[in-house]
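Protein sequences appear in the order of chains D and H. Residue numbers 0 to 456, in numbering that gives the first Met the number 0, belong to the letters of the first sequence in order. Residue numbers 0 to 194, in numbering that gives the first Met the number 0, belong to the letters of the second sequence in order.
Check before you lean on any hint, since a few could be wrong.
Keeping only pairs whose Cα atoms sit at most 30 Å apart, straight-line, the calculated BS3-like set for lysine-lysine is [unchecked claim]:
#1 H:K14 with D:K51
#2 H:K11 with H:K67
#3 D:K82 with D:K364
#4 H:K8 with D:K343
#5 H:K14 with D:K171
#6 D:K442 with D:K388
#7 D:K190 with H:K104
#8 D:K82 with D:K37
#9 D:K294 with H:K67
#10 H:K96 with D:K101
#11 D:K342 with H:K14
#12 D:K69 with H:K14
#13 D:K364 with H:K8
#14 H:K63 with H:K14
#15 D:K393 with D:K294
#16 D:K393 with D:K414
#17 D:K51 with H:K104
#18 D:K342 with H:K96
#19 H:K104 with H:K140
#20 H:K63 with D:K85
Think of the hints as simulated: they come from the structure by calculation, not from any bench.
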Amino acid sequence: MSHNHSELADKFASNVERMKWHDKALWFVRVKRDTQAKSLDEWEELRNTADKIKSHTLSHLDEYLEQFEKNAIARGIRVHWAKDAKEHNEIVLDLLRSKGVKMIVKSKSMLTEECHLNPYLEEHGIEVVDTDLGERIVQLRKEPPSHIVLPAIHLKKEDVGTTFEKFLHTQKGNSDPTYLTRAARAHLREKFVGADASMTGVNFAIAETGGVVVCTNEGNADLGASLPKLHIACMGIEKIIPRLKDLSVFTRLLARSATGQPVTTYTSHYHGAVEGGEMHVVIVDNGRSKILADKRYVKSLQCIRCGACLNTCPVYRRSGGYSYGYTIPGPIGSTLAPNRDLKKYYSLPFACSLCFSCSNVCPVKVDLADQLYLKRQDVVDAGYLSPVKHNALKMATWLMCRPKLMDFAGWMARKMVPILPRALLYSKFNLWGKARELPPFPKNSFKELYKAKKGIK
Amino acid sequence: MSSREAILKAIKEAKPYSESALPEVNILHTTYEDLDAKFASTLAGVGGIAVHLDSLTAIDSYIKEHYKEATVIVSTVEGLHVTTKELNATDDPHTLKDVDLAIIKGEFAVAENGAVWVKEADARHRALYFITQKLMIVVPKGEIVHSMHEAYTRINFSEKDVFGLFISGPSKTADIEQSLVIGAHGATEACVVFI
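Only chain D is shown next, with the shape it has when bound in the complex (with noise of 0.2 Å):
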């Protein structure tokens, strides 16, 4: 099945009063980021820097996984590889039965996501507890997150409200946030207390020390991982970075960018296991690998998912992470979706008004506008484009090759479409018009008035 974003933005954006909300909310974070950015003369130097970084890592990628693995080793740490989502699954499922594990606190890790890793251990028996607030929200309500970093956004308080309610038992229409917190927080206590093992994401992976760090507000990777005796930390291979230093760049962009805070509240550096216990990282390609090998897409192998791009993007904001249709949303799932298949996600880049403001926000220069400007020539060419908007494109095409009836075309709809009735004009042909009006025409062409201008005859 395919998706169709503007199919599924469309049922988003028919509650007018919750699509503005959303827009709101998002822009609130975008707000933040601003600030954040602009308090810092080296702003752009760092993005600079960081997007260096990032670069050189990827070009000597493999040397730097190798060096990575080789560190963590001395460290006691287990590293594992895995080709893809399924190899990945059941590496983490072997590790626990090995542990007889039955229950599992896990934090946010949009690599688990994407492999589906969750369902995949509970038909294999296990209790997997997502533990960020966020994650717990949409796991209750078995949803999936609708966004990278506040995964529970399409949200209001009322329906978070209801949840607790019918999970946690918490007090009939009590949907104050702060209530509904410490009702986690209790909730999620005993899954701490209880759980056998814990699974994190990672957010870098720094090879020159063999460890791995994690960024939370909640402090629950943190939490999670340091009472059970097995930690699980899972990871996709353009997580690298070379140096412990390279965080100074990185930990001073990455909260300032995705919520507008100085830092987050636990940066936390694992480089090793509790007491008695085991760590391992699993690393894993699961299509990445091809996404290196194509220079026009490979610097969305640079993304740290902080999502400031989600935040800034207007289309996201008006139509709600569900109508992207994959794990990751926004401009950064805009491209990364189609390179998993092109065929299913083929409307994503279309998803944009090639504004740009992705481009200039994310914090480690990814060219996402760009890419999802030839990502729509990948679909073109594919063949996957819809025949009426494929067709009409042609059309424009051969108009437009033709100057002399491309000016004639032009003096006809300036003649023409202000004495038309507006039901014809409006008919179920113009697409483009659906939702939008049609500007007033003006009397003369722009190279009509380009020529009076310059005295041109």
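With chain D held as given, fit chain H onto it using these hints.
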């Protein structure tokens, strides 16, 4: 071929060619005239509090005055008299779940973001930092840097080090309608004491 070899081989074949060397991290960073004041205001902005005290005895008194309801108090800072539970006596970090207040050692503070670097080589249970209801971090006076660039020049992980972290304020979340709630899963209060 193992998955490890297959992945590394795929990367070798795919990786882009680049002559650009790994850049030096040499960023002219923002500095602050009054480091203590900047740290205190940034920490306050993320829900924490900074205080300056003269001695360990002053910390004891401060705790008696400000944490009246704390019954289980543990500390990795030696020489405090308010502690009620011996931390390293337990083999199981789960037994720390009733801790009301933990007092731990911070190496230095970072003015730009209100964070404190904590790496206690002798601490047995890192869970303490997160499981305690309230957290106090004791930092030597004057141990404060402007930015994370300066911070990372002071950080290293020797063979024996297994864990270290920056803590900036109490735990928090804004996952319900973007409303900031202090006290998610980690500490609900965080106080940084300079002595």
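Which hint numbers doesn't this structure obey?
-> 2, 5, 8, 9, 14, 17, 18, 20
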